[in-house]
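There are 2 protein chains.
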Amino acid sequence: MDITWVTPVAALIALLYVVYAMSYVLRKNEGSEKTKEISLAIREGAYAYLAQQYKIVGIFFAVIFVLLLYLSFGAKLLTPFVPFAFLTGGFFSGLSGFIGMAIATRANARTAWAARDGLNPGLRVAFTAGSVMGMVVVGLGLLDLSLWYYGLRWYYGSVVGLDQAETIKRITEAMITFGMGASSMALFARVGGGIYTKSADVGADIVGKVEAGIPEDDPRNPATIADNVGDNVGDVAGMGADLYESYVGSIVATMALGVVAFPESPLRAITIPMSMAALGVLASILGTFLVQTKDNKASQEVLLKALRKGIYGSSLLIAIFAAVAVYYVMGKENFGIWGSIFVGLLAGNLIGFFTEYFTSASYKPTRDLSAQSQTGAATLVIGGLSLGMLSTWISVVIVGAAVVAAYYLAGGAMSIARGLYGISIAAVGMLSTLGITLSTDAYGPVADNAGGIAEMAGDAGGLGSEVRERTDALDALGNTTAATGKGYAIGSAALTALALLAAFKDEIERVVRATNPDFSLIANVISVETLTGLFIGAMAPFLFSALTMSAVGRAANKMVEEVRRQFKEKPGILKGTDKPDYKRCVRISTEAAQLEMILPALIAIIIPVLVGTLLGVRALVGVLAGALVSGFPMAIMMANAGGAWDNAKKYIENGHFGGKHSDAHKAGVVGDTIGDPLKDTSGPSLNILIKLMSMVSIVFGSTILVLNQLFGLFKI
Amino acid sequence: MDITWVTPVAALIALLYVVYAMSYVLRKNEGSEKTKEISLAIREGAYAYLAQQYKIVGIFFAVIFVLLLYLSFGAKLLTPFVPFAFLTGGFFSGLSGFIGMAIATRANARTAWAARDGLNPGLRVAFTAGSVMGMVVVGLGLLDLSLWYYGLRWYYGSVVGLDQAETIKRITEAMITFGMGASSMALFARVGGGIYTKSADVGADIVGKVEAGIPEDDPRNPATIADNVGDNVGDVAGMGADLYESYVGSIVATMALGVVAFPESPLRAITIPMSMAALGVLASILGTFLVQTKDNKASQEVLLKALRKGIYGSSLLIAIFAAVAVYYVMGKENFGIWGSIFVGLLAGNLIGFFTEYFTSASYKPTRDLSAQSQTGAATLVIGGLSLGMLSTWISVVIVGAAVVAAYYLAGGAMSIARGLYGISIAAVGMLSTLGITLSTDAYGPVADNAGGIAEMAGDAGGLGSEVRERTDALDALGNTTAATGKGYAIGSAALTALALLAAFKDEIERVVRATNPDFSLIANVISVETLTGLFIGAMAPFLFSALTMSAVGRAANKMVEEVRRQFKEKPGILKGTDKPDYKRCVRISTEAAQLEMILPALIAIIIPVLVGTLLGVRALVGVLAGALVSGFPMAIMMANAGGAWDNAKKYIENGHFGGKHSDAHKAGVVGDTIGDPLKDTSGPSLNILIKLMSMVSIVFGSTILVLNQLFGLFKI
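In order, the protein sequences belong to chains A and B. All residue numbers for the first sequence refer to our numbering, where the first residue is 223 and numbers rise by one. All residue numbers for the second sequence refer to our numbering, where the first residue is 223 and numbers rise by one.
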């Protein structure tokens, strides 16, 4: 029985939830004139950024679209659907980001206002706004997949007249290249958003906190609106696009691998990833309703428990749903596949837990780090780097164990193809809770913004100090979920990249076997081409991080100069008698982010094509694997070092080691500032790098094979 | 014709040079009572460290020796020579370090005193002292190789009665495991020395410069002698042991690979690496005599040119010698091997050049970095990390291109074995100039110490301000050569590790083929075991760096507490009326270094054995390759970021951006302090990690195969 229809149904349910959640948020009171005004400024800034981003994205998509058109219709190297799938993938990813941000930037003042009634009402507004992002990503992702799935099924089945098995095979061969649009959009949203948010943040901090001595989010700081906009474009739109890519990428990769692994029953093999995603939507929606407490005066711990209840509850539901689905679809003899799914779910939750362990001031590592601020900034920085590096081993062991277990449980001992399918379905399992995990993630910036608005509006704007205390508590909770979310994003990116790597192998073999039926793609580590590829690939995350990090530095400098200029030309700003020009600061970050993003983007696209052409696909496999295995620990290191510095500073601010304005606190601020671009720009951008290089390799695989025959030093 | 006799002859020539250079240094005047006293204190500290290190090393060697005895004579998994070769390798490596340090710590005061007559006399003393280290390493390395080579030749030829080809084959099979002793000693010298030197340096800086406000090398600082001892144990003994390991490892690996690549003429194949090393000794000695200028008032640029003349002159000579040797030994048809050697030489010099480019204040990157200190420590640190990461791509491209070229030039297109031999001989080519490159390296700490002695002795000790200016100039020159030397050490470690990886493959194939003649070790990147191995391997440098970095932090903290205690208990110290207790500080660093080294050491040894046992040799290949491809860029990043911060600070001190005591300078000190453990502890320790894991895998290869059959999840 064909139950792939659950996917479009789930997509519709997710989108219906989005409509419900949007109306819930919009019904709330946006507060006083003052809060409305600030919220509007942030919203306008966010839209200005998006408008600018869409311009650049438009140019990029146009160029790639034409190239794909040529490769499809001119060179006949791709199926004719790819260029259009590329556009829809980009469109739906962009639309998710737009809707998510539209609500996030409308929920910030409403959250602050709701916090007047207590922590819980504030949490409900912020979390519901976050859940719009979570659900719109999975809803539109599944909608895009469903449209193409049914379109292609109709085309191959009815128009071309293939039988079911052949139809499914063709569908998955075409769909595996469809992630490129989502990948490209993610590149712009994540990398551009990351540069934006941290250039604004670091710039605002340097002139505001350090030079002028005014607190965070002070309305006198011209960069403060840009800083708040940055939270939205980086942590809402950027994170959403990143996970949209993982979500879609892992599902299509698993479908493609499933057809190869189970040639006798391809429909069943693709039903599993599609239905897992669908069931995840239901579990996530049910989970969101668990996120509340009866107690309007609930403490932060209680709220954190509420959020965890949502995530763990959803995970449990999915595990049960998955058991039924696998048993029903694949039969008792293939029930090991459920084990692979469970392993993925478990790994996601474990990585989240250990990320929190290493970055939260509730645990020993960050507390010890905080103490190192007493001997100055240098020891704090060394300690943070060391903590970040040390934390990598647990994540690597978790992912390594998950990969081995998923491989075996799915039947890797019988057939390698089944093992690879197991790894891939583990990625889908990990991402099946995306609806709710992304909700808790996107909650963070809403709460952060609410705090900013409370600070800027002040008593005059109707938000007294007890509201600011509550928004601070909501913000602190958001920091915890942001750290956990980062670990989850990195872990799922790594598993998705593994799935894409396996899919790349199948894709190359499929193409080459047309002329050479015995071909197997074996990339031997002890061969000069693969080893050289590994070297280049392992270096790529260093290069990519260097570029994104220095981009933040340059963009932050522009911001510093602008703020200094405003302070100098209008001395009334600091006295509070003159209004700063927020828009100019927003424009500076926007333009800098888009400009600085071009070089890293080109590198991510050019390296695989260039290496594949010159050194062949065996070297290209080395590049993809090298980037994955060095990029994964590096992303973890950056995320955890940055998170730990952030919370170490907050720990000092809470009165330890001399508290605010002590020397230890000054050192803490240095650590936090260094961590900012690591954890919010370079680290997350690596998620994109490792997936995008694989996706580019898949899409341009047949092209690379042709170019390699012409120009290659090493050939197949 | 058999010309392997050139190797022992070259060993003797090198050792004769050592005797000459030692007597040259010792004939110089050690200066006033004051300088003699300080020099003696440093020397005693260095000996105290060595004595402590030898104790730990003794225990470690005893344990491994017993284990090897069992594996050789009990389990019959190794040739009976391995345990004894292990001891000799460790002994000669340790002896080199001892002699090098004995002279370096006797040359420091003599250099300072000679600098009274001008820069050039100071340079001559310091450089000659450094050349003792350079030449004793190559001399004793070749002596150890020669003793075993002739011993085994006599044993297999005369005693066992094998023919020449079979004798050579057996010799190389035995000798490939001989690097383990040198590797183990390098682990202790490099990692322990690295922790020592930076804990003393950072500890002395934090209390001295930051808290008490006294200058570097001030005699009132109780940690100042420990700091000067550290320069010797880290940069002389540590660097020497590191390169001794590369030197011996690359030669034995090339011999082993040569026998596989040229089965019809094994003697010729092993003659090339042996004679290359021998010719390198001659070229290096000739090169050392080029290091001088007629001008006693020469500027720093002139001195740098003199050093370069020595290195480039030696490289050129070796290129010529090698052409003759390859043509004569291997014939016209194999002349491509000369190409591989040349590529290695060129790559070594190029990496050295680019290291200097990225870390010297004469070039744009470090100057730009220095400017970032104006916006505070945070931007300077971000800038330095970014610079370090960016700099990795050039080195990776150089090594990648060198590997591909060396592979092809040696005939990789005909046979993979020849290609791998080409990569390996490129490593020997790069290291053939070791005699002189290590001399310029070991020159640095002597000059640094001379500066320290000049500062401590002062006018009262007969060393006026013009001497301190000269020793500062010599020291600055030493910083440049140290940075270049680090690049060279990393590059040669990477090539050596590649050679060892290829040798590991041959070794495993040899063992398995005894029972399964068709076996080939293919570690496919897209297989779950190899991929998991790659993940674990790529994470290892992160873990190793975290441990060494936090070790420095803890050890430095102990030092800070001790210095604070002394200042508190004897207030006369800071007034100059009471003498600080230097010895206690020396003891603290010594004990901390040895204690903190144990965990990283165990990890480097346990990871390969554990992975090989549980996941099999295909996973183990992944671990070795993963550690190599992520450890190489990481080591470069750390070395270059650290070097650039160091020189950015000096650039500020030379009067830029406000000069000494400005806010920019304070930021510069923070950057420099962060860079210290990166460039002098963690970064160089990675050289050891990547080589040692390969060496352990080779030595315990047959044991791992047996354990894997018993306990493995994945088996061959």
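Do not rely on the hints blindly, as some may be mistaken.
[To be verified] Using 30 Å as the maximum straight-line C-alpha spacing, the simulated DSBU-like pairs for lysine-lysine come out as follows:
(1) B:K937 - B:K431
(2) B:K882 - A:K780
(3) A:K882 - B:K780
(4) A:K882 - B:K431
[To be verified] One-sided excerpt, in silico: chain B residues whose CB lies under 10 Å from chain A:
(5) T614
(6) N738
(7) G755
[What the hints assert, rightly or not] FRET-style restraints, in silico, Cβ to Cβ:
(8) B:V619 - A:G881: 47 to 53 Å
(9) A:L291 - B:E523: 57 to 63 Å
(10) B:E523 - A:L824: 54 to 60 Å
(11) B:K805 - A:L824: 36 to 42 Å
Hints were generated in silico from the structure; no laboratory data involved. Cβ coordinates follow ideal geometry from the N, Cα and C atoms, glycine included.
Structure-based check of all given hints:
1. About 57 Å separates the Cα atoms of K937 (chain B) and K431 (chain B), which puts this hinted pair outside 30 Å; it is violated.
2. A C-alpha spacing of about 27 Å is found between K882 (chain B) and K780 (chain A), which places the hinted pair at or below 30 Å, so the restraint holds.
3. Taking the CA atoms of K882 (chain A) and K780 (chain B), the gap is near 27 Å; set against the 30 Å cutoff, the hint holds.
4. A threshold of 30 Å between alpha carbons decides the hint, and for K882 (chain A) with K431 (chain B) the separation of about 25 Å falls inside it, so the pair holds.
5. The criterion of a C-beta within 10 Å of any C-beta in chain A is met by T614 (chain B), whose closest approach is roughly 5 Å, and the hint holds.
6. Hint status for N738 (chain B): violated, given a least beta-carbon distance of 18 Å to chain A, over 10 Å.
7. A hinted interface residue such as G755 (chain B) counts as satisfied when its beta carbon comes closer than 10 Å to some beta carbon of chain A; here the least separation is about 9 Å, so the hint holds.
8. The hinted window of 47 to 53 Å between V619 (chain B) and G881 (chain A) holds, with their beta carbons roughly 49 Å apart.
9. At roughly 58 Å, the beta-carbon separation of L291 (chain A) and E523 (chain B) lies within the given 57 to 63 Å, and the hint holds.
10. Take E523 (chain B) and L824 (chain A): their Cβ atoms lie about 39 Å apart, and the range 54 to 60 Å is violated.
11. The given range of 36 to 42 Å is broken by K805 (chain B) and L824 (chain A), whose C-beta atoms sit roughly 58 Å from each other.
Of the numbered hints listed earlier, those contradicted by the structure are 1, 6, 10, 11.
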